[in-house]
Structures are given as C-alpha cells and as structure tokens.
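These protein sequences, in sequence, are chains E and R.
Sequential numbering of the first sequence, starting at 1, is according to the numbering used here.
Sequential numbering of the second sequence, starting at 1, is according to the numbering used here.
Treat the hints loosely; a few may be bogus.
Below 30 Å or equal to it, Euclidean Cα-Cα: the simulated DSSO-like pairs (lysine-lysine) are [stated by the list, open to error]:
(1) LYS393/R to LYS295/E
(2) LYS227/E to LYS393/R
(3) LYS280/R to LYS15/E
(4) LYS393/R to LYS339/E
(5) LYS263/E to LYS150/E
(6) LYS211/R to LYS333/E
A short list of chain R residues far from chain E (calculated; beta carbon distances all over 10 Å) [to be verified]:
(7) VAL233
(8) TRP241
(9) ASP436
Bear in mind the hints are in silico, worked out from the structure with no lab data behind them.
Every residue gets a Cβ at the ideal spot worked out from N, C-alpha and C, and that includes glycine.
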Amino acid sequence: MIIAARRLTKEFEIKANSAFGKPLRLRAVDSVDIQVEEGQIVGVVGESGSGKSTLGRTLLGLLNPSAGTVFFDIPDDVLKEYDGFLRDGDAKGAASIEMEYSIFKKKGEKLKKIRSGMNMVFQDPYSSLDPRMNVLSIITEPLLAMNYMKPDKAFDRCMELLEEVGLPSDFAYRYPHELSGGQKQRVALARGMATLPKFLVLDEPTSALDVSVQAQILSLLRKIREKYHIGMVIITHNIAVISYMADQVNVMYAGKIVESGPKEDVILNPVHPYTIALISAVPGKMVKPNRIILKGDTPNLINPPQGCVFHPRCPMAFGICGWTADEIATDLKYLVNDKFAGSFNDKVVVSTGTGGNLVINNTSAGDEMTLERIINDEKGNMKSLTAIEGLERHGTNIELKIKGYQVPKMYNHDGRKVSCLLYAGDDIKA
Amino acid sequence: MEYTLNVSNLKEQFYTRRGIYKALNGVDILLRKGEILGIAGESGCGKTTLGLTIIGLLPRNAVVTDGEILLDGKDLIATLREFASKEANNLNLRHSENMMKKLNKQLINVRGSRISMVFQDPMTSLNPVLRIGYQIAETLMVHQPEVLAKRRLARSKVNDSDLREALKLLENGADEQSIKAFAETRQLEGIEEQLLNIWRRNDLGIARKEKMILSLRSERLGGFDMAVLERVVNQGGIGGWMRIPGLNRMSKAVLIKEGNAKAVELLSSLEIPNPEEVVKMYPHELSGGMRQRIIIAIALANNPELVIMDEPTSALDVTVQAQILDLLKHLKQRFNTSFILISHDLSVLAEVCDRIGIMYAGRIVEVATVDAIFNKPLHPYTTMLISAVPTIKGGEIQGIGGAVPDMRFPPSGCMFHPRCPYVMDKCRENNPQMKDLEDEHLVACYLYEGQKGEQN
Numbered sequence: 001m002i003i004a005a006r007r008l009t010k011e012f013e014i015k016a017n018s019a020f021g022k023p024l025r026l027r028a029v030d031s032v033d034i035q036v037e038e039g040q041i042v043g044v045v046g047e048s049g050s051g052k053s054t055l056g057r058t059l060l061g062l063l064n065p066s067a068g069t070v071f072f073d074i075p076d077d078v079l080k081e082y083d084g085f086l087r088d089g090d091a092k093g094a095a096s097i098e099m100e101y102s103i104f105k106k107k108g109e110k111l112k113k114i115r116s117g118m119n120m121v122f123q124d125p126y127s128s129l130d131p132r133m134n135v136l137s138i139i140t141e142p143l144l145a146m147n148y149m150k151p152d153k154a155f156d157r158c159m160e161l162l163e164e165v166g167l168p169s170d171f172a173y174r175y176p177h178e179l180s181g182g183q184k185q186r187v188a189l190a191r192g193m194a195t196l197p198k199f200l201v202l203d204e205p206t207s208a209l210d211v212s213v214q215a216q217i218l219s220l221l222r223k224i225r226e227k228y229h230i231g232m233v234i235i236t237h238n239i240a241v242i243s244y245m246a247d248q249v250n251v252m253y254a255g256k257i258v259e260s261g262p263k264e265d266v267i268l269n270p271v272h273p274y275t276i277a278l279i280s281a282v283p284g285k286m287v288k289p290n291r292i293i294l295k296g297d298t299p300n301l302i303n304p305p306q307g308c309v310f311h312p313r314c315p316m317a318f319g320i321c322g323w324t325a326d327e328i329a330t331d332l333k334y335l336v337n338d339k340f341a342g343s344f345n346d347k348v349v350v351s352t353g354t355g356g357n358l359v360i361n362n363t364s365a366g367d368e369m370t371l372e373r374i375i376n377d378e379k380g381n382m383k384s385l386t387a388i389e390g391l392e393r394h395g396t397n398i399e400l401k402i403k404g405y406q407v408p409k410m411y412n413h414d415g416r417k418v419s420c421l422l423y424a425g426d427d428i429k430a
Numbered sequence: 001m002e003y004t005l006n007v008s009n010l011k012e013q014f015y016t017r018r019g020i021y022k023a024l025n026g027v028d029i030l031l032r033k034g035e036i037l038g039i040a041g042e043s044g045c046g047k048t049t050l051g052l053t054i055i056g057l058l059p060r061n062a063v064v065t066d067g068e069i070l071l072d073g074k075d076l077i078a079t080l081r082e083f084a085s086k087e088a089n090n091l092n093l094r095h096s097e098n099m100m101k102k103l104n105k106q107l108i109n110v111r112g113s114r115i116s117m118v119f120q121d122p123m124t125s126l127n128p129v130l131r132i133g134y135q136i137a138e139t140l141m142v143h144q145p146e147v148l149a150k151r152r153l154a155r156s157k158v159n160d161s162d163l164r165e166a167l168k169l170l171e172n173g174a175d176e177q178s179i180k181a182f183a184e185t186r187q188l189e190g191i192e193e194q195l196l197n198i199w200r201r202n203d204l205g206i207a208r209k210e211k212m213i214l215s216l217r218s219e220r221l222g223g224f225d226m227a228v229l230e231r232v233v234n235q236g237g238i239g240g241w242m243r244i245p246g247l248n249r250m251s252k253a254v255l256i257k258e259g260n261a262k263a264v265e266l267l268s269s270l271e272i273p274n275p276e277e278v279v280k281m282y283p284h285e286l287s288g289g290m291r292q293r294i295i296i297a298i299a300l301a302n303n304p305e306l307v308i309m310d311e312p313t314s315a316l317d318v319t320v321q322a323q324i325l326d327l328l329k330h331l332k333q334r335f336n337t338s339f340i341l342i343s344h345d346l347s348v349l350a351e352v353c354d355r356i357g358i359m360y361a362g363r364i365v366e367v368a369t370v371d372a373i374f375n376k377p378l379h380p381y382t383t384m385l386i387s388a389v390p391t392i393k394g395g396e397i398q399g400i401g402g403a404v405p406d407m408r409f410p411p412s413g414c415m416f417h418p419r420c421p422y423v424m425d426k427c428r429e430n431n432p433q434m435k436d437l438e439d440e441h442l443v444a445c446y447l448y449e450g451q452k453g454e455q456n
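Bound-form chain E, shown alone (with noise of 0.2 Å):
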C-alpha cells in the first residue's frame, strides 16, 4: 500500500461561548480507514463539511491527526499485522510498525524524503500558484526545494513536464496570470508531480473549470496514472468525475466513511440510505424512478446526532439508530397537538424530562390506545416513531419508553464496506 490511514481522526478546536467556557471541539475526521495501492485511484465523494478535505490533508500529514496513523508505504503484510494488533488491542505491537512507518514519527532527513513521494493539487488554480513567480520557478521549486536535483537539471525536468501536461515549453517563461485556468491547472498538475511521487491528492482538481476543460483535466490525469503509475486519492464533490476516474470509491458524511467499495458496486448499486439519495440527487436526463430527496442539511459536527449521524434524514432510519426524546418529541407534537389535534383533549402536553424520558402529560383516560394506534399508523412516516418501545401510564401522564441506540460500524455487504445498521446482522444486540 501506498498509503493506508487506520482510526484517522481529525479534532479542530473551536473558541468557546464564553471566555471562560470549554473549547468546543469539532471532529471533522472521525474514524477512517482508507488505503490506496500503487497506481490506483481512490475516489472520495461527500457534501461540504463531510471532511474530505481535512481528510485528504491529513493523509499527506499537512495536518496532525488528533487520533489514529497514516503509513506511507507499508508492506500488505505489515500492514495485515498491525491490523491484527489493533483488533486484539495489543498497543505495543502498533506501536512498533507505527514507529517504522507512521509519517507523523518520521523527523528531518527522512520526512523530507516521504514529503517528496506525495505531493497535493489544489482546487482553485487561481489562488494555488504563486503570481510573482513564472512557471519555470513554480514547477523547479519543489525539485530544489527537496534537494531531488541539481538546478541545471530540473530546468530540463520542468521542460519534460511541461510537455507532459500538454503545454508548450515557452510556457516555462510566462507569469499565472497569462494563463488560463485549465492551463493552470495542468501548471499545478505539473508541479505536483515534479518530483516523481508515489502520491497524489487531488482536492476537487476541476470544480473551478468549465465542463470542456475538466474533460481535457481528467483524461490527462487517466493518461498520467496509466503512464506513471501514481497513488491518487481523488476529493471532490462531483459523483461523475469520481465515477469516471476512480477504481475505489468512499463516500464521507459528517467526518465519517458511510460506503467504502469498489466503483462498480458503489456507484451503480449503492446499498446505504445516504449513498442512493447523494446518487439519486445527481441532476440529468436519466429517469430515477424511486428518486430520494433528502429533507434538511448537513448536522453540525460540534454536536452530532447520536447514534448514527445520518439518522435525522434517513429515508431507511429504524428503532435503534440512535433517535433521542427531543427528536421524538418534535414529531410527537405535530401529531399529538396538531394532526391529530381532535382525538386528545387541548391541555395535552408533550413534555422531555431531565433524564432522557419523553412524558405526555394531562392526558385523560384512553389516549395510550389511540396514541399507540397513532404511533403505529404513522410510524412509516415518521421514522422517529420506531424508537417508542412501549407506553406506560403513571396517573395523568403516559411515559413512552425509547429503545436503546447502537453505533453503525463498517460492515461487509455485497462486495463493500458500509457503516449502516441495515447491513448489521448479527451485530445487533437484542
């Protein structure tokens, strides 16, 4: 592997409230596994604030991980090993590959040897190159930079480049803002891979380009992966152009990996709840017959749904993904003060308690029946429903019983890896 990422997880603090108050925390990275061999593409797919790009930074150490490794060039069977160590929680052995392998234990010399393997493209050309140097500096710099090679020659690895990335070597003498955004691109390309890396991210390589551009961008990426054989992890937020670059495809939501798998099965069959809606929500001509619109947004990661973080807008969301007493109560009274307003009497209340409980309070004698029957006729819409495990009555008021919650991890399923409760089987506790 050219890269493999274990338990990454990524913290940035955020200034408190008050002056006195806690940082808060966000995690915009949580828990991911990732691998990319030798010349394979590996595509990651999410909305913004999914974390793709901190991820993709902190698979080239741009940023310190707050948990977890990133190992650049591992054997597959040191690789197995450590996996093995980390399932049976035997730390010393981790952290005895991690020592020999972990670009974040890696100092001086031999860092600069790693960082000259992997190397990163930006999104936005215009802002990625600097407008005081002309291209000629900007792709050498990395090669003087890293000491790859003598300044003598890198003038003629830059004229090399140049004409793999489809320019023309007059190119070398002209400034950034002569050139036009493909054609900075490519410039950024090139200097991405002046210095041969085994590595390369790509951070949404051709959202700042025209259609007719980035189909110039992506075969030229196809044709210097075939020709080189260069790791790329692919971030962006287009499912066409990971579908039509990428071998390997995740999909991130809310800092973590939901569907992880090859192409063909992510893309075209996609089994978790967020993965069919972000590829029935691609706009086109195609009919989608069993279209998915996604009510809401993105949560906010300071304070994440429990459970599983998808589970306020799953289509497919069930009794143990993590529903807690304010959520339930919100569509409780809708139904029990509003839809259903006639049944109940009008002093009727749905109250949270302190203790994580849901109560109906002032209600008269009877509402348990016509509220189950409620629940139950309305749970295929309101999925918050399939949490309410049994209703209780203590004098005036119905206590209603919330199911336990279980944490999605990544399953086998098809063919992939998918971190739903669907998928779970035995996993599920009684």
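Based on these hints, arrange chain R on the given structure of chain E.
Just chain R now, kept in the frame of chain E:
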C-alpha cells in the same frame, strides 16, 4: 403564440482600458408564458451579462449597441440604445452614469415586480443586518402596498361567522374562484389569499389550520393604522401626508408588519419548515439551501412575469440542489411565471427546463427542447459540450480543444470556427444565421444550410 419576453439581436460591448469587449453579439430569445428556458455555456460566453442586461443592471462602461428587449411588448432598453447611438464612438463615463440613473428610474416598477432575479451566491445576496421577514416584506411594500393594506383591512372587518362559512367552503373543496367570489360578496377582498394560503399548507394538520383560519379575525385597528391603510387602498400607494418624515416611517411600519404575515405564507408555499420562526431570523442563522429558498421567495413575492435565475444551485451541495430543483418544478406549476435559468451545468438544466439555449461567445447558437438538445444535438459545439460532461454511467468523455475566444478580438465569421472540427471556408468569413429546422429546433450553423427551413 404569446411571448412573455422577446429579445432580438441584442448586442452589447464593454469599454475597458484594455479594449472593447464584445460581450453579446446578437442574442435572440423568445420566452413563452410559464416556460423554463435554460441558458448554458462556458464561462465567459456572456450568459450572466445577458441576464443582467434583461433586468437592466449594467455597469457604466456597458453600451448596448443594438437590439430590443420586449417584456409583454414593451421595450425596456430604448434609453440604452438611444444613448449608444449618440456616444458609441466616444464613451463618456459620466454621461453613461447619468443615463444609468435615468434607466433605473424607468425600471423601478419593473425590477422586483415584473422581472426579478436570483443570484448565484445565497450567502451574499441577503442583507445580513435585516430579518428575513423584513426583507421579504420590503419588496411587497414597495411594489404592492395596496395588496398588503387590503389584507389587513379585511382581517379587521371579518367576523366569526364569515370565517366559519369560508372554512366550510374550503372543507367542501371549493376552488380559488369560489373563495374569491365569496370574499367579494362580503366585501372582504384580501382575505381570500390568506384563507387559501393557510389551507394549502402541507406542514400543518387540519385541526391547526382550522384554528388558524378562525383566528384570522384580529383585534380592531388603531386610528392611525386605519387611516394609513385606507389611504393606501384609495390612493394606490404611499403618498400625501405619508411622505412627511416620521409619519412616513410609521406608515411603512404598518405595511411591513402585514408584509411579514404575507412572508410567512410565501415561505410556507416554498416548503420551508416553521415559517413563523424563519421570518424572525437573520440570514446567518440559515443554511445555504434555506437562504436560496428565501431569495426565491423574494423573487416570487410580487408574482413577476419573469424570473431570471443565474446559477441558482452552483453554490449548493448536490442533495440541497436536488431539493431546490424539485421546488422549481413545483413553482412552475403553481405560479404562472416564466423562468430563465442560467447555468454552466447542462445536467441541472436537463432536470427542470422545457427548452435549452446553448450560448457561445455572446450568441445563442442552438435552441431546442431538452429532449432534442440531448438526443439530437445539431450544432457541433452542443455535441462537444454534451460529450464533455462525465456521467454516472461512465463512458468516455471528450474535451473541447482550444479555448473560449478573447472577446476583444473575436474571430471572424462563425465564432466557433477555430475550435470546430467541421470547419468550412464559409465559416471563416460569414456568420451563420439562426435557422428554424423543425419543431422549433433552431441552430446557427452552415452545416445545416442545405436543409429546408426558414431563415429567422
């Protein structure tokens, strides 16, 4: 056939220190009532300039050298043409500024009420220091004060038995016409819209709606408020003593308050949850998709004939984009409004549009229905543009060689000829005319010259 908008031979140039950019080179658009027309093209092809020219929002260095923009038969840019004929060769920016001021005055009753525009970035199009409700109410107050006044007066006049009767009508499935007739016979004009808007809400149960309709009857109006509203209804707007500073502010406040109530109804019709809460919020409290909905609500507030949407979903995520596109499809059925949807993303246009126009270098080179554009593209540029877009299904993609021309020195003849694989000698010299080939499939290309069809 009746057209909402008729743009013909629109030509526009920008005078800059580096030369004259020929941004639009003869654009023709015919837009029917209730139709969504998509405009697609690469960046720099003039799609945004076209949108801004239709609504008359131009910088002072822009000169419209030729062409007409007819909105329901009325020319919007006569002033601009006249100015251009006088100053085309020697543009004086101060004169241009004065002319733009004149144009702004002419268009004040058109912008926001008959034509409105939705911009790309929802983060910057709303005013951060005003509440959502106020921003929607403001456009209502400026363009339709009498409608707001009628609504409020009707609520003060209506009594319980009227409301109960209206409720019965609604429960029996009365349509818009009969509710309107009912309001007219009771002299309660303005109440019908409120009744219907509450009744149409999907986010509330029947019991809640009934309660809301019965509580429409409001407390009596104060003397000042009454005077303001009656004067607005009689004079058709704010005027007379209402212009006195102080009083002006107070009378506007009366209308804004009613505007807030209408804003709630508008937002609920755009499927925004908890509209009562949302109108009290500031823009930063809302997500991007929500903000874009608010902007669409402002654009639709006065039931305009034309809404221009410039990349309405480019700043949004795919799942939110799907929500907005879905909303647009509903709106098209609900409001009798024509839309121009400008986007670089052909697949977005394919989703919602009736017809698509492909723009290249300041000209529309092909117009056809969505099916025809995707299944039977004629212009070489359209074909290449479609084959450059990657799809989920996979398949090879093909970039378009070369780049968009520098519009200071546009190529001779057909502007696409330097990049065109089928280029002929004729293309280098002459610019092909738009030709209607069949079923309103218009294309400007010499490849189709021999085929029958009429010159347009």
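To see whether the hints hold, each was checked on the structure:
no.	hint	result
1	LYS393/R to LYS295/E	holds (26 Å)
2	LYS227/E to LYS393/R	holds (25 Å)
3	LYS280/R to LYS15/E	holds (27 Å)
4	LYS393/R to LYS339/E	violated (43 Å)
5	LYS263/E to LYS150/E	violated (42 Å)
6	LYS211/R to LYS333/E	holds (16 Å)
7	VAL233	holds (35 Å)
8	TRP241	holds (45 Å)
9	ASP436	holds (24 Å)
Hint compliance for this structure: hints 4, 5 are not met, and every other hint is.
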